[in-house]
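Number of protein chains: 2
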Amino acid sequence: MRFLAMNDPGDNLFDLTQAQWDEAAARAGESGHEIRFGRSSEEFAEGVAWADVLLAQTSTLYGRFPCTAPNLKMIFLLSAGVDKLRPFSNLPPGVAVLNNSGVHSRKAGEYAAMALLMLNARVPEMLAQQRDHVWQMLFSSSIRGRRVTVVGTGDMGSPAGRAARMFGAIATGVRTNATPHPDFDRVVAVGDLDTVLPETDFLILACPLTEATHGLITRARLALLSKGAGVINIGRGALIDQEALCDLLDAGHLGGAVLDVFTPEPIPRGHRIWTTKNLVISPHVSVDDPITYNPDSFDILWENVRAIRAGEPMPHLVDLSRGY
Amino acid sequence: MRFLAMNDPGDNLFDLTQAQWDEAAARAGESGHEIRFGRSSEEFAEGVAWADVLLAQTSTLYGRFPCTAPNLKMIFLLSAGVDKLRPFSNLPPGVAVLNNSGVHSRKAGEYAAMALLMLNARVPEMLAQQRDHVWQMLFSSSIRGRRVTVVGTGDMGSPAGRAARMFGAIATGVRTNATPHPDFDRVVAVGDLDTVLPETDFLILACPLTEATHGLITRARLALLSKGAGVINIGRGALIDQEALCDLLDAGHLGGAVLDVFTPEPIPRGHRIWTTKNLVISPHVSVDDPITYNPDSFDILWENVRAIRAGEPMPHLVDLSRGY
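Chains A and B, in that order, give the protein sequences. In this text, residue positions in the first sequence follow the numbering used here: the first is 1, and each later residue adds one. In this text, residue positions in the second sequence follow the numbering used here: the first is 1, and each later residue adds one.
Read the hints as simulated data drawn from the structure, not as lab findings. Where hints are given, some of them may not hold.
To be verified - With the Cβ distance kept under 7 Å, some of the chain B side facing chain A (calculated, not the full set):
#1 35
#2 88
#3 106
#4 110
#5 126
#6 141
#7 263
#8 274
#9 277
#10 282
#11 283
#12 289
#13 305
#14 309
#15 311
#16 320
Where is the CB? At the ideal position from N, CA and C, for every residue including glycine.
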């Protein structure tokens, strides 16, 4: 098979390399394939007209379709979210889109645990005191028994649920349907979200951005959260009404937030979010790991190629009608 | 038995109350005891001349001995550290000193997990960027496989070891003797500390302050830590050369620190530690929980009273010759 690996024109930290490719092929026992690496628009146009499979982070493919890709059968995204590929009608007809869902789980769990413990221990308030050189003891109870609601029960949401339960918190998962999930004490359908929010101490957003989830956490829903509740977002900035979140933090209705994703990114200088009260910012890195990211992704690629050859369903096939 | 419960003259958040006492006695099936509550110096003098047992946080007893206490048989400290009772020669001869070792474990584990994940995820650098309104992605790998060294394997150190291993880090415990401990992958004697530091990614101080541990982490030992290592202190400020720690953080040899204890406390306004690079401050609250603290401590008290009556060794008896 012919593979085109496109790297980001603006950033080489996550570059796909020949060495990574060779090592992953050796691990998978694969040989006889051809691979080209590209970065420029010219390399994309030439390569995609030749390749059977295109590999890239979703952001690298933004605005590249439609294009001439007569042989292309598969786009393997080195990302979990596919939102930047829209509109999907621009993609070559019949092409299978796969993502690397799974490589984010370990770091998602670590980030969720960290953010939950920070919010529960009132670290955002402590950071403000430190900035003002103020020593004032701020007490809190253990996180055991606190109520954590996680929107999304997939690649990022389920490790977040596990992280909460590791410390004895009670985890509620929110997904399309109320199908039980082993990483959660209970699961509710997204249609019942409003009944869960008033009894939520910490809300974690860990779902894909789709037409159904865009703006899901409205101002009205944020106001339903119990007084002093905390918010964590490792999904996408557009899942939430960011202005309302800032208003409720500044007003003290919400106790704190730890956010990895924003609208827009990068956050512009002077934007109110930099100085919103009790808000901690990480620059969209929560689930990325430059050391393990590409090797893990390549292993997922070969797992799916083996599934095709065996005539089995590809485990990482994205359902474009749902958007994940 | 006659009990005197002394509360802090300056702070009533952790006051011992009649209701807590009654509930704990009911849980323990105890009755027929007398209790007085005091706060002032006069109440102390009068009460301690009458009581069999004195209950107080260690800091509340600072400077109160020697005093007239003809009946006093036991001092039950609602603290783990006994350092503020020194010199022990001022205490009434033959009095048993007990602490509430054990009530700090759950929050110590949560704090250790939080601080480890923050340092591993480079949160201190992110906070500095946020302060400067700078968006720059800062990547890190999972904490799995990172090397965590915990000085102290008791009430606070062992949950720190468990917290590290929960996320797949490798935990080394440091204690007086190299006796294995179930919460650590290995244990080394404190005399071998210098061999462990160069292969330590994160150093956690969670031991009591004693004559043997005062200043244990010298400038030379901090310099032995691997470049970019992180430091966490939930023990006492005087365990470490704080000036050296600040120097090594400001110079970038150390990657970050999350500290709950300092010399002195409160940290004075204008002290360099407020603005030391990549240093996160919590105001000596890591293991305190106002809701569960006194009830848990009272339960420990009755556990020890039962041991005396049964002629068994008291599980929370402090060895004053060792200081813990």
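Now the hints, each set against the structure:
| no. | hint | in the structure |
| --- | --- | --- |
| 1 | 35 | 25 Å, violated |
| 2 | 88 | 27 Å, violated |
| 3 | 106 | 5 Å, holds |
| 4 | 110 | 5 Å, holds |
| 5 | 126 | 5 Å, holds |
| 6 | 141 | 5 Å, holds |
| 7 | 263 | 13 Å, violated |
| 8 | 274 | 5 Å, holds |
| 9 | 277 | 13 Å, violated |
| 10 | 282 | 5 Å, holds |
| 11 | 283 | 5 Å, holds |
| 12 | 289 | 5 Å, holds |
| 13 | 305 | 26 Å, violated |
| 14 | 309 | 31 Å, violated |
| 15 | 311 | 35 Å, violated |
| 16 | 320 | 28 Å, violated |
Violated hints, listed in ascending order, are 1, 2, 7, 9, 13, 14, 15, 16; each of the other numbered hints is respected by the structure.
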